Amino acid sequence: RQKAEKAFQAGMQPIICVGETLQERQNGYAEKVVEAQLRGALPPGQEYKGVLAYEPVWAIGTGKVPTLQDIVNMHACIKRVVGSHVRVLYGGSVKPANASEILSLPGVDGALVGGASLKAEEFNAIIEAAGKV
79 RQKAEKAFQA GMQPIICVGE TLQERQNGYA EKVVEAQLRG ALPPGQEYKG
129 VLAYEPVWAI GTGKVPTLQD IVNMHACIKR VVGSHVRVLY GGSVKPANAS
179 EILSLPGVDG ALVGGASLKA EEFNAIIEAA GKV
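Taking the working numbering, I'd label the letters of the sequence shown as residues 79 to 211.
Quick caveat, the hints were computed from the structure, so don't treat them as lab data. Since the structure is predicted, the reported quantities are computational estimates derived from the model, not experimental observations. Positions of the beta carbon are idealized from the N, C-alpha and C atoms, including for glycine. Treat the hints with caution; some may be incorrect.
Within a straight-line C-alpha distance of at most 25 Å, the following computed BS3-like cross-link-like pairs (lysine-lysine) qualify [as the list claims (entries may be wrong)]:
| hint | residue 1 | residue 2 |
| --- | --- | --- |
| 1 | K142 | K157 |
| 2 | K142 | K173 |
| 3 | K81 | K157 |
Taking CB as the label site, the calculated pair distances span [unchecked claim]:
| hint | residue 1 | residue 2 | range |
| --- | --- | --- | --- |
| 4 | S178 | A198 | 16 to 22 Å |
| 5 | G118 | G141 | 25 to 31 Å |
| 6 | Q87 | A175 | 38 to 44 Å |
All chains should be modelled from the sequences, with the hints used to inform the complete structure.
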């Protein structure tokens, strides 16, 4: 929360990332964990005007991606907590092969691209996919 507030004060727009571990997901706590992260990261009683990203910890750099329904459900959960006006990106092994499908999901407002952004050909393909959605 303090880092986000400092970023806003400096005229920057932070991207607050939230996400669960594989064990938390397997134990059925994914939404509760993300809700707690949001409540801890966002200023209480104020409308958040930044960008959020849902990035399951277990998907970072692994090539693993949650099911499309899991992504939809988590984005809906986040928007219930913060409001539908907040942009929520999906991150976690976004690549050319899945970008179109992920970006077309309800509640997904964009992508937080990691490793694929380091390879121009892959990143350009993701950008092209985003332009078609």
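Each hint tested on the structure:
no.	hint	verdict
1	K142 <-> K157	holds (24 Å)
2	K142 <-> K173	holds (11 Å)
3	K81 <-> K157	holds (21 Å)
4	S178 <-> A198: 16 to 22 Å	holds (19 Å)
5	G118 <-> G141: 25 to 31 Å	holds (29 Å)
6	Q87 <-> A175: 38 to 44 Å	holds (40 Å)
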